[in-house]
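Peer 1: The lines below spell out each chain.
There are 2 protein chains.
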Amino acid sequence: MANKPSIPKGTRDFGPKEMVKRNYIFDTIKEVYSLFGFQQIETPSMETLQTLMGKYGDEGDKLLFKILNSGDYFKGITDEELVGRNTLKLQTRLSEKGLRYDLTVPFARYVVMHRDEIQFPFKRYQIQPVWRADRPQKGRYREFYQCDADVVGSESLLNEVELMQIIDTVFVKFGIRVQIKLNNRKILSGIAEIIGEQDKIVHITTAIDKLEKIGLEKVNEELASAGLSEQAIMQLQPIIQLNGTNEQKLDTISKVLAKSEIGVKGIEESKYILDSLKKTGLKNDIILDLTLARGLNYYTGAIFEVKALDSEIGSITGGGRYDNLTGIFGMPGLSGVGMSFGADRIYDVLNALDLFPKKSVCGATQLMFVNFGEKETDYILPILDKARKAGIRSEIFPDAVKIKKQMNYANAKSIPYVAIVGENEIKEEKITLKDMSSGEQCMLSANDLIDKIV
Amino acid sequence: MANKPSIPKGTRDFGPKEMVKRNYIFDTIKEVYSLFGFQQIETPSMETLQTLMGKYGDEGDKLLFKILNSGDYFKGITDEELVGRNTLKLQTRLSEKGLRYDLTVPFARYVVMHRDEIQFPFKRYQIQPVWRADRPQKGRYREFYQCDADVVGSESLLNEVELMQIIDTVFVKFGIRVQIKLNNRKILSGIAEIIGEQDKIVHITTAIDKLEKIGLEKVNEELASAGLSEQAIMQLQPIIQLNGTNEQKLDTISKVLAKSEIGVKGIEESKYILDSLKKTGLKNDIILDLTLARGLNYYTGAIFEVKALDSEIGSITGGGRYDNLTGIFGMPGLSGVGMSFGADRIYDVLNALDLFPKKSVCGATQLMFVNFGEKETDYILPILDKARKAGIRSEIFPDAVKIKKQMNYANAKSIPYVAIVGENEIKEEKITLKDMSSGEQCMLSANDLIDKIV
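If you read the protein sequences in the order shown, they are chains A and B.
So the first sequence is numbered by our numbering: it starts at 14 and just counts up by one.
So the second sequence is numbered by our numbering: it starts at 14 and just counts up by one.
These are computed hints drawn from the structure, not numbers from a lab.
Treat the hints with caution; some may be incorrect.
Because identical chains share one entry, a pair is satisfied inside a single copy or across any pair of copies.
Within a straight-line C-alpha distance of at most 27 Å, the following computed DSSO-like cross-link-like pairs (lysine-lysine) qualify [stated by the list, open to error]: (1) LYS388 - LYS418; (2) LYS22 - LYS75; (3) LYS17 - LYS68; (4) LYS292 - LYS75; (5) LYS88 - LYS17; (6) LYS296 - LYS388; (7) LYS417 - LYS388; (8) LYS320 - LYS402; (9) LYS68 - LYS22; (10) LYS418 - LYS443; (11) LYS415 - LYS268; (12) LYS296 - LYS186; (13) LYS440 - LYS388; (14) LYS75 - LYS102; (15) LYS399 - LYS284; (16) LYS291 - LYS443; (17) LYS292 - LYS402.
Bound-form chain A, shown alone:
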């Protein structure tokens, strides 16, 4: 019985035109990761629920796609338990595998399982889909690609420096002007330490972030209503009104945080990263931004985020330094630093700013032969073979249908050259070549045709 087909909500088909664009994004990111010595790995789409559960919080556990066990999936579950309908509890009985939720947990699992083969520091990148049973909405999908790179097993800040260079290189290649925002978890801890309010750090960064919009007075009011003492707010003033160059900012902060050991460490780290980057010819701006507060429960050192300057789309890349990636799998003390490019958002920015390369980057047909019938096809086949051996992506329309239909096909596929072979061309051992953008036609030999297009 015929049913009208559909795809699961929150998932997408990618047609040929989207694939060319997506491959351009992934290939560019891959190329740059390789340029910096990162190596690719891939992990299975499915992981055991033991690997996945408890790593993303209760909400994350709910959003994991779980695979129903094969065969008698009720086996071992009593009737009582079934009619008890505790679906949350029963799910790990009905299912022992789930789909990858991100690339970090599978990477941690990979490192622990392959620790004896890996030469540390391990610079790996991974570009694969992940799945989340989130409520689908504009720009949020249930299946999407992540493009992660991490260095684990090295505490050197050179790794942070390289990640900043990777970001810069990738966006220069894309032609997207960006601003890289840099912060350090240790600076934020220092601030909290100095004002004696360890748990208020998110309130503080949020309030400071509003300075331009609502003004100093309102910011201070917000801090007071968040429970900060008058003295604490006083101490924060230089940080709230922080401005100038990165050096000036670091100067100001180091005065405020002089008595916080961890704060001073954060300042030193930031200084080293920014100073080193000056030696590398970074094309985009990197600015110290204390309001940046991503992944506070996870990151322990540098934190960074990238915004496109000519788009309102929000963060398109981010990452940071973390401790103890693999502790949860019984391998403590492995620290690292990592980043992730937001491929879907980058796609939207490239589209909105019309920055996708005009010339087909990967794999569109360059030449199509019109098909007038068997005799002409016999003449064309060896030429077609020659063209392909010369590396020209070419095809012959398979059916000898009306020429209009064949030309429509060439247009729909944006094929730049169409070759026409009729009786006359066969007699003269030539081919008529039509340039589809200019409309110009000329008759030439097979070799000249290949030379022209190659």
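Take the given structure of chain A and dock chain B to it, following the hints.
Peer 2: Leaving out everything else, chain B in the frame of chain A:
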């Protein structure tokens, strides 16, 4: 709590070295598909069970990985039904999505959903993983990649010709000597028609296939015990003993099948394909083989299969012509022809025959700088930047640890050049470059170093 991590049975991690090899395979296949005008698409990993169920037989339905519904997955199921434990029946109530089982059904679904955007004939390729809950065994995985190409919406035999050329081109690139076996479903139908035994075609092809091993007499005995009449066996003799060139074989068969309309059609088709291929400079042999009987329920015209000549591994590529790809989704009459490269088997053949390119094909580091500390790093950073801008995949060891550890790292990653910068090099504004395979060292300027490696 730390648990010792594992991955689901039948799945695999791919480390950096395997990824380089796998990328080489996929990139080569992609490149050739593009060369012949095929366009890439991707479909979601999950499809609705409505799309998937009933397409692969009862056994296939069982082997589908089903995704447990989110939230209250028991909703709408009565207590009675639960304790009834009809797990086969209940699975479509607990689950409405499954993982892709192959690329053909999602492709058919794609074509129907996007019929208005597609310009036919549609030449698409698709390289994505599929999942099957098969019992894992050597060489059989629960997650593996398929590499399919199909042309739909054209009945022209030129499409078959092109698929043969694609096969030839791909295996020439790989350096794998292959034999392409060609058959035609219509010839097999013709044989069955002539001898009046429509349902015995599999018995016949299987028996004929044993000719070399067991001899003519035994083959005839097998046919008799399969229920073929003496007369039928008599008629089959020229076909059982078929030999000679493809032309001679077709000659023989056309005498036997002269009265079968469908048989004659199959012979004409095979003749056209083989004749056309003579005009294209095929490097590998293509032979007509009537014992080839793959996918008989599915294929309606040409059938083909590829064997590696220097390996016992069996079929590494196959495909054929089919009718009515999309009828099951309410779009009848769309015929096509398709093929699939067996990436895992090709990987094994390339490994066994030591045919993977020696030079790293995709993305291994070319140059590593040894790290002696901050002063040296400051000197190196701009040079490193320059090297990367010149396209050299390079890295600096992030930590200033013992040189032995750094050299071990370079060796483990098979990095061909190591650059050493100490006090002396800084003073002379040079770099010492070590060729890791020859052990030779020389001191040169940054520009000369780049020229040497690029």
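Peer 1: Hint by hint, note whether the structure agrees.
Peer 2: Quick rundown of the hints versus the structure:
no., hint, in the structure
1, LYS388 - LYS418, "within (20 Å within a copy, 68 Å between copies)"
2, LYS22 - LYS75, "both (17 Å within a copy, 24 Å between copies)"
3, LYS17 - LYS68, "between (39 Å within a copy, 15 Å between copies)"
4, LYS292 - LYS75, "neither (46 Å within a copy, 60 Å between copies)"
5, LYS88 - LYS17, "between (35 Å within a copy, 25 Å between copies)"
6, LYS296 - LYS388, "between (58 Å within a copy, 24 Å between copies)"
7, LYS417 - LYS388, "within (20 Å within a copy, 69 Å between copies)"
8, LYS320 - LYS402, "between (44 Å within a copy, 23 Å between copies)"
9, LYS68 - LYS22, "both (25 Å within a copy, 21 Å between copies)"
10, LYS418 - LYS443, "within (24 Å within a copy, 64 Å between copies)"
11, LYS415 - LYS268, "neither (80 Å within a copy, 37 Å between copies)"
12, LYS296 - LYS186, "within (11 Å within a copy, 40 Å between copies)"
13, LYS440 - LYS388, "within (12 Å within a copy, 74 Å between copies)"
14, LYS75 - LYS102, "both (11 Å within a copy, 25 Å between copies)"
15, LYS399 - LYS284, "between (59 Å within a copy, 23 Å between copies)"
16, LYS291 - LYS443, "between (59 Å within a copy, 21 Å between copies)"
17, LYS292 - LYS402, "between (45 Å within a copy, 14 Å between copies)"
Hint violations for this structure: numbers 4, 11, all remaining hints satisfied.
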